[in-house]
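**Student:** The residues making up each chain are set out below.
2 protein chains.
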Amino acid sequence: MSEIYRSTTTAPVNIAVIKYWGKRDPKLNLPTNSSLSVTLSQADLRTLTTASCSPTYPTGDTLLINGQSQDVSGARTQACFHALRELRKDIEYEKPEVPRLSHFPLHIVSENNFPTAAGLASSAAGFAALVRAIADLYELPTDPTELSRIARQGSGSACRSLFGGYVGWERGTRMDGKDSMAFQVAPASHWPDMRALILVVSAAKKGVSSTTGMQTTVATSTLFPMRPKEVVPRRMKEMAKAITDKDFETFAKVTMMDSNSFHASCLDTYPPIFYLNDVSRAAIKAVEVINAAAGKIIAAYTFDAGPNAVIYYLAEHEAAIAGLFKAILGDKDGWENERGAAIQANAAAVKTLEEEAGVVIPVIKEGVSRVILTGVGEGPVKSEEHLVDEQGQVVSR
Amino acid sequence: MSEIYRSTTTAPVNIAVIKYWGKRDPKLNLPTNSSLSVTLSQADLRTLTTASCSPTYPTGDTLLINGQSQDVSGARTQACFHALRELRKDIEYEKPEVPRLSHFPLHIVSENNFPTAAGLASSAAGFAALVRAIADLYELPTDPTELSRIARQGSGSACRSLFGGYVGWERGTRMDGKDSMAFQVAPASHWPDMRALILVVSAAKKGVSSTTGMQTTVATSTLFPMRPKEVVPRRMKEMAKAITDKDFETFAKVTMMDSNSFHASCLDTYPPIFYLNDVSRAAIKAVEVINAAAGKIIAAYTFDAGPNAVIYYLAEHEAAIAGLFKAILGDKDGWENERGAAIQANAAAVKTLEEEAGVVIPVIKEGVSRVILTGVGEGPVKSEEHLVDEQGQVVSR
Numbered sequence: 001m002s003e004i005y006r007s008t009t010t011a012p013v014n015i016a017v018i019k020y021w022g023k024r025d026p027k028l029n030l031p032t033n034s035s036l037s038v039t040l041s042q043a044d045l046r047t048l049t050t051a052s053c054s055p056t057y058p059t060g061d062t063l064l065i066n067g068q069s070q071d072v073s074g075a076r077t078q079a080c081f082h083a084l085r086e087l088r089k090d091i092e093y094e095k096p097e098v099p100r101l102s103h104f105p106l107h108i109v110s111e112n113n114f115p116t117a118a119g120l121a122s123s124a125a126g127f128a129a130l131v132r133a134i135a136d137l138y139e140l141p142t143d144p145t146e147l148s149r150i151a152r153q154g155s156g157s158a159c160r161s162l163f164g165g166y167v168g169w170e171r172g173t174r175m176d177g178k179d180s181m182a183f184q185v186a187p188a189s190h191w192p193d194m195r196a197l198i199l200v201v202s203a204a205k206k207g208v209s210s211t212t213g214m215q216t217t218v219a220t221s222t223l224f225p226m227r228p229k230e231v232v233p234r235r236m237k238e239m240a241k242a243i244t245d246k247d248f249e250t251f252a253k254v255t256m257m258d259s260n261s262f263h264a265s266c267l268d269t270y271p272p273i274f275y276l277n278d279v280s281r282a283a284i285k286a287v288e289v290i291n292a293a294a295g296k297i298i299a300a301y302t303f304d305a306g307p308n309a310v311i312y313y314l315a316e317h318e319a320a321i322a323g324l325f326k327a328i329l330g331d332k333d334g335w336e337n338e339r340g341a342a343i344q345a346n347a348a349a350v351k352t353l354e355e356e357a358g359v360v361i362p363v364i365k366e367g368v369s370r371v372i373l374t375g376v377g378e379g380p381v382k383s384e385e386h387l388v389d390e391q392g393q394v395v396s397r
Numbered sequence: 001m002s003e004i005y006r007s008t009t010t011a012p013v014n015i016a017v018i019k020y021w022g023k024r025d026p027k028l029n030l031p032t033n034s035s036l037s038v039t040l041s042q043a044d045l046r047t048l049t050t051a052s053c054s055p056t057y058p059t060g061d062t063l064l065i066n067g068q069s070q071d072v073s074g075a076r077t078q079a080c081f082h083a084l085r086e087l088r089k090d091i092e093y094e095k096p097e098v099p100r101l102s103h104f105p106l107h108i109v110s111e112n113n114f115p116t117a118a119g120l121a122s123s124a125a126g127f128a129a130l131v132r133a134i135a136d137l138y139e140l141p142t143d144p145t146e147l148s149r150i151a152r153q154g155s156g157s158a159c160r161s162l163f164g165g166y167v168g169w170e171r172g173t174r175m176d177g178k179d180s181m182a183f184q185v186a187p188a189s190h191w192p193d194m195r196a197l198i199l200v201v202s203a204a205k206k207g208v209s210s211t212t213g214m215q216t217t218v219a220t221s222t223l224f225p226m227r228p229k230e231v232v233p234r235r236m237k238e239m240a241k242a243i244t245d246k247d248f249e250t251f252a253k254v255t256m257m258d259s260n261s262f263h264a265s266c267l268d269t270y271p272p273i274f275y276l277n278d279v280s281r282a283a284i285k286a287v288e289v290i291n292a293a294a295g296k297i298i299a300a301y302t303f304d305a306g307p308n309a310v311i312y313y314l315a316e317h318e319a320a321i322a323g324l325f326k327a328i329l330g331d332k333d334g335w336e337n338e339r340g341a342a343i344q345a346n347a348a349a350v351k352t353l354e355e356e357a358g359v360v361i362p363v364i365k366e367g368v369s370r371v372i373l374t375g376v377g378e379g380p381v382k383s384e385e386h387l388v389d390e391q392g393q394v395v396s397r
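Chains as they are written, first to last, in full-length UniProt numbering: chain A, 1 to 397; chain B, 1 to 397.
Excised from the complex, chain A in its bound form (with noise of 0.2 angstroms):
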């Protein structure tokens, strides 16, 4: 019998709606502010990751991601092995009579469910699983919060995609880290007809890395200091309040500011950083148009280091909405799903934009590649979808 221990989990992608941006400590990924974001469900997008090890395995960790090797020797990962490594340790000191997997090579396998060149985040959720599977290989009695605090070294957002729902990331104050952790503010189950739409922008080329700009930001933007000072604590208790009481309105606006805070302090920086584009402003138009129609505010833009929007919307808004994208976008990938042929193209919200603000939709029309229809989602599962098989080989699928 081969020696061979494995462990599975998926993890899912979270996008903020308070932003993370700006380091307080780049080696222990400590941010300047605090931030909250939204799990998506992981039906649409979700990382799975087999962690295992064995004393059979050559020397050295390895990580394959989507079938290719990664190189492991970086700063972020290293500080995750090594971390759960200690905690394994400890396990192994207080029973000698478990098996010592802290020395052994880990193989980590991992895939996502979604295109690599949707240009999501994938750093949040691959970090999340990596940690997750890894301490459940390790049999560690540590709760998500505590793992969180691993998971940030890995990606600072990785953090939060160890908690389904509605997910807080303290920024903390102490010069170790240690009480910079993610927090669940509620769970999927407190308000589950939170929407999500992303629109997939095609961009001619990647931009800024967020390590560098973010780290740029800090050091030259004299507009930023205000967001760590003032602006974030003050919507950190807005948004928990709004999605305690499932305010809608307050939500969405809270969310709309706050990416246009983080973009605003990218464009302050010198040299500027730019992540949005004429399409970007073009679906911020349209939501601005669909909210000014609704006579209320029933849509949320935000936007990550990147051009794609990510539209927030309750379900009971889906044809106003989604409705509308498909009417223009219907063409596009990401309606095959059953929601998505559930939802009608919804001509008259098209009529409607194109009497307020018609250049918008060519630009959506052509900027747009595909589109993915989600919503707020549980946190990290356990799976038995193994990656590694029982002889230690990657399952090849």
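Be aware that a few hints might be false.
[Claimed, not checked] Heads up, simulated PhoX-like pairs for lysine-lysine below, C-alpha to C-alpha not over 25 angstroms straight-line: (1) B/Lys237 <-> B/Lys296; (2) A/Lys365 <-> B/Lys229; (3) B/Lys229 <-> A/Lys229.
Think of the hints as simulated: they come from the structure by calculation, not from any bench.
Once you've looked at the hints, dock chain B against the given chain A.
**Tutor:** Using the frame of chain A, we list chain B on its own:
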């Protein structure tokens, strides 16, 4: 003999390097922060205005701009007329022998030498010329500083067009606005080599008006308060010193950062205001590549409330900057004059741009409709080219 009194003046356009955005008093046009601009040469961009008055004119003041009759009942035009008439009345009170011009209807006729379609803010030159022409007509003993307080009430940035060269506008702190006026930082002759290349971008639609936009920023942006509080006061000092020292690199860096800061404030407004588009961003990238290739900052972009790029540079770098854009935009209007004809299309610079950021070349080519080659210039100049003849008739041209 007909009793027609007239006086004619020209006034220049100015383009700010430290931006005016936000009013602390919308009625008096008092700004939230000081600003600083370069007055552009009137050979390329100017307003020509004749102010005339006569007891024989029918009742009511009139204003004709580029052959179009304008409404003069607006508070801003009225504020200018009223302030100038009051100063004239003081003279008439002191010297009963002078004609009582303050009681006669005013007929103002104004023409720009640049296409309205260029989307250049003509209100600064327009109100500066209007105020200067009426002041000359009334033989007011006022200097440009005094007149700048009046022109400011017509259009904020008009106060800076009463001076040539490098011009500041002090925000002032008084409620009545008496200390909010323009002043000359340095005459054009101090640093005459300053050139400006304007890339006129064919925008699909006029954006948010600046008056509405800036007050929405003041009311909603949470980052903007840093500008009046810290950012602009520091930059005003840095910029004045850079001009005194003829330190182009500092001049350029502060110019670019302040343009970015202004547009970041617009983006942080709710709802967000966008003036920059993908063509503007391509122009920014081109300037970044020019500077990187030169190994120092030889060009500075700045953008007002629209997508047009204004690029400042020194005459010695004409080949590197204007030459690059001539190679890309040589078939567009604006190169016909003597200076434009003398510029060689710089193929080597295009090659560098192609290598570093080739994607921007077609964006600039397709998005820029014309160029304007100009540079630092003088303030208003009295003219005998009257737009009203000796019989009080508008001169047809």
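**Student:** If a hint holds in the structure, say so; if it doesn't, say that too.
**Tutor:** Right, here's what the structure says about each hint:
no., hint, verdict
1, B/Lys237 <-> B/Lys296, "holds, 22 angstroms"
2, A/Lys365 <-> B/Lys229, "violated, 43 angstroms"
3, B/Lys229 <-> A/Lys229, "holds, 15 angstroms"
Hint violations for this structure: number 2 only, all remaining hints satisfied.
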